[in-house]
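Chemist: Read off the chains here:
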Amino acid sequence: MTAPDNTCTRRAPAWAAQGIGLRPDLAAAVVATSVAGLLVNWVRPDDSTGTLAMLLDLSVSLWVTFWVGTYAALRICTVIPSVAGRFRGERLGTSTPVSRAAASPFRTWLVAAAIVICCTVEWYLHADAANPFLATSRPEAGMENWTNADGYAMLLDGYPAQGDGVFLLNLLGLFMGDRPAISGEFDRRAGHVYLVSLLQAPLGTYWAFATVNLVAWITSALAVWRLGWRRWPNRAVGEVAAVMVATGQGFIFMSTAPQAHPTAFAAFAVVLVLLDEVGLWTSRGAAKLRGAVAAAWAIGVAGLLYFGHIPLALVTWVFGAGRVHLSVLAGTTAAAFAIATAWQWYGEWLLGLRFSGGNNDLAGGAVRIWLRIVFEGLWSFRWQFHAGSIRGLLVGAFYYPWWILAFVGLTVTAYRTRAWALAVFVGAIAPAIAFSPQFRLPRVAYFAFPVVYLFAAAGLIAVSSLVVPASDRPASEARRRVARGTIIAAGLCGLTLLTNLDLVGDQTFTVWFHQAQENAW
Amino acid sequence: MVILDRWRWVTIGSLAVAFAASIVATPVETAIARGFFVVTLVGAVVAGAGLRGRRTQAIAAAIMALLVVGQRIPGGYPVADPPSPDWRAALTSPDDTATVQMRLDHPEFRAAVARADTAWAYVCAEGIGGRDAALALDLRTDRSIITCILGAKNAVGARSRPEQGGMYRAPVPLNTLRTATQAMVSLRAPNGPVRVCGTHSIRPSWGEATSLLLRGGVATAPSPKGPGRWVIELRLVDADDRLLIAWY
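Protein sequence lines correspond, in order, to chains A and B. Using our numbering, the letters of the first sequence map in sequence onto residues 1485 to 2005. Using our numbering, the letters of the second sequence map in sequence onto residues 12 to 259.
No lab work stands behind these hints, which were simulated from the structure alone. Hints may be right or wrong, so weigh each one.
[Said to hold, decoys possible] Quick look at which bits of chain B chain A covers, simulated, 3 or more residues with Cβ under 8 Å:
| id | segment |
| --- | --- |
| 1 | 180-187 |
| 2 | 247-258 |
[Said to hold, decoys possible] Facing chain B, according to a computed beta carbon distance under 8 Å, are these residues of chain A, among others:
| id | residue |
| --- | --- |
| 3 | E1624 |
| 4 | N1629 |
| 5 | A1637 |
| 6 | P1644 |
| 7 | G1647 |
| 8 | D1648 |
| 9 | G1675 |
| 10 | L1682 |
[What the hints assert, rightly or not] The calculated label-pair distances, taken between Cβ atoms and stated as ranges, are:
| id | chain 1 | residue 1 | chain 2 | residue 2 | range |
| --- | --- | --- | --- | --- | --- |
| 11 | A | N1525 | B | V50 | 52 to 60 Å |
| 12 | A | C1977 | B | V229 | 53 to 61 Å |
| 13 | B | G218 | A | V1988 | 43 to 51 Å |
| 14 | A | P1717 | B | D92 | 35 to 43 Å |
| 15 | A | P1885 | B | A125 | 28 to 36 Å |
| 16 | B | K236 | A | F1590 | 54 to 62 Å |
| 17 | B | V50 | A | A1596 | 27 to 35 Å |
| 18 | B | G203 | A | I1853 | 42 to 50 Å |
| 19 | A | G1978 | B | A125 | 26 to 34 Å |
Glycine included, C-beta positions come from ideal geometry on N, C-alpha and C.
Let's have the full structure, built from the sequences with the hints guiding it.
Modeler: Shown next, in the form of structure tokens:
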């Protein structure tokens, strides 16, 4: 008997021998639990702790906020080598696509067609007066007490549309050469209006806005499909998640509304794909520089549509810290913000736009409120999480079934994919939490849709596999696959029914998406 | 010497066309604004498409150039100027009347009235101040006439100042609405001028010419700026105080 040839033995990676060290997600959970516990118990009781429902709402809001903050802080601190050494597991894998056999062209085209059809049907069903952004502002929805029977509406080319769109028309006129430069509420979102202007002449104002939204919706679903393909070993995860996007509350809510959000959501998802495709997390040398330039450009452009550059920059820091050199992270962020800010300088200097007033000032307003709350003391600080329930904000963006499935998906997802997804999640919802003293806007938290839907898809598939386990016998397995597919399809149908309740006159979920669930469960 | 393949030429050519089409023969401010976005945004789309290969990049560039050129097609739609959603018209003499005709046999209204517990007539007005009898509202159905007096005590909903526009409401017998097939609501200002709010008309139950202003025996459209309607509505509320429908 000969001794094994050691030269051919596969060496275990270092982390397998040394362990993965601390896990930032668990460390953040410990910190969040401790701080939330202290704030609930130490600060004098008030209405926010008066009933079990209120107490739970407050606790969840505090826990989520401190988990997000601590996780982001821990991850970003891994740019310091001594801190990175404590989180060795974070160096596991990065963005290498999971190896798998190529999908059949038939399956690929079938899924693509299903996504396009789904998005288009949902968009059509929620058009003009049925647009939930508009419908929830009607008095029947119980949300506004100042609007007339038509809600906060305007008539664009004879079609009813959400009223804020009127503030975009001067910018649109500027791009079309019809109007001079006039400052407006949404000067910083001019990139979206520029895209609309490309369709204005052939389609008219209403359909130009609506078509840009549809294209963004489809693009978002395709991008999430791609992210699932890159990050999860089971290709069905991306496909199921893409269907969730196509029937997603955020896109349904926006449908034909003349607003930048769908475009911004699409930019967010596309840039996440791009960050993987340019190898920002993995490449070295000249390829890394090219990747960083591309990433900065794309993130900056996302900032010209809405404030997409902020969550994307957070994602690059939270996931990239310890994986990507500090100079690359800093350079990418600085260049991205320079592009987004360049429009402001350019617009002020050459066009006389003011970039102030209305929605232009809301972020600064939120910062001022946080500072005031902090200086008022612990009671005021804790009260803010009751007055602006973060739980209500997140449930308004994604209702409980998605969170439950996403939690299941989180537990079955491999560590390296989970690290990426948690970074995206933190980057996406941190701005919504930061903004919450000013307004609770689930549509800002909806930037988390790629990871919430991917986790939820992984969860739905895991549930189907739990109910119908795999079999060794091919004949039996074929039947079982059909059964699993049926469970997944039934799950998707159930979720779709929830997001489409507005079509039968029930605006519960769309109202929650509009203004958050507040303290109600 | 760098030799560019044909796809690269298509890309460069398309970008050049897009840039030229954006800035040539346009107002200076438009050229400045477009120039920024054709460089940053169109450029980013085309550069990003390059990750999928030169052919994809060329196709993306050609599509973007087509869209930019399409921005300038002759005879294209102008930017819509929506009708004002919030205007005022004054009832200056006691004979001036704002009228709204409503259809009450519509299935949507019938379904709501069957579930309703109370009914209200809502009017948006400005300049009522502290007056208790500023407006007289007549609700004529095909079976009855009801008159309500509206004033400061009928104010409902948010407003920042007493003189500012806001909603005023008066209860209406539900049975009247259950049996009627149509209604005409008339509003007069018997004790001094009142400005009545108007808006666009999106879902009129009767038709486009639902709202009229009767002044000196002559009926005109309420808004001088085009078609519109008075903010005079019937609202039905259920036993739990949930609004079932706002109707006009």
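Chemist: Now tell me, hint by hint, if it's right for this structure.
Modeler: Here is how each hint holds up against the structure:
1. As drawn, the segment 180-187 of chain B meets chain A at 0 residues by the rule of a beta-carbon pair under 8 Å; below three, the given contact is violated.
2. With 6 residues bearing a CB less than 8 Å from a CB of chain A, the segment 247-258 of chain B meets the requirement of three and the coverage assertion stands.
3. The criterion of a C-beta within 8 Å of any C-beta in chain B is met by E1624 of chain A, whose closest approach is roughly 5 Å, and the hint holds.
4. Given hint, N1629 of chain A at the interface with chain B, holds; its Cβ is 5 Å from that chain's nearest Cβ, closer than 8 Å.
5. With a cut of 8 Å, the hint placing A1637 of chain A at the interface with chain B holds, because the nearest CB-to-CB distance is about 6 Å.
6. For the restraint placing P1644 of chain A at the interface with chain B, the shortest Cβ-Cβ distance is roughly 5 Å, inside the 8 Å limit, so the hint holds.
7. Using the Cβ-Cβ criterion of 8 Å, the hint placing G1647 of chain A at the interface with chain B is satisfied: the shortest such distance is roughly 7 Å.
8. Given hint, D1648 of chain A at the interface with chain B, is violated; its Cβ is 12 Å from that chain's nearest Cβ, farther than 8 Å.
9. Taking 8 Å as the C-beta cut-off, the interface hint given for G1675 of chain A holds, the closest approach to chain B being about 5 Å.
10. Taken as an interface hint, L1682 of chain A checks out: its beta carbon lies about 4 Å from the nearest beta carbon of chain B, inside 8 Å.
11. For N1525 of chain A paired with V50 of chain B, a C-beta distance near 56 Å keeps the hint of 52 to 60 Å intact.
12. The hint said 53 to 61 Å for the Cβ distance between C1977 of chain A and V229 of chain B, and at roughly 58 Å that hint holds.
13. The supplied range of 43 to 51 Å is broken by G218 of chain B and V1988 of chain A, whose beta-carbon atoms lie about 27 Å from each other.
14. Range check, P1717 of chain A to D92 of chain B: Cβ separation about 54 Å, and the 35 to 43 Å hint is violated.
15. In this structure the hint that P1885 of chain A and A125 of chain B lie 28 to 36 Å apart at CB holds, the actual value being about 33 Å.
16. Between K236 of chain B and F1590 of chain A the beta carbon distance is about 57 Å. The supplied range of 54 to 62 Å therefore holds.
17. A beta carbon spacing of about 31 Å between V50 of chain B and A1596 of chain A agrees with the range 27 to 35 Å that was offered as a hint.
18. Checked against the hint of 42 to 50 Å, the pair G203 of chain B and I1853 of chain A passes, with Cβ atoms roughly 44 Å apart.
19. With their beta carbons about 30 Å apart, G1978 of chain A and A125 of chain B fall inside the hinted range of 26 to 34 Å.
This entry does not satisfy hints 1, 8, 13 and 14, going by the numbered hints stated previously.
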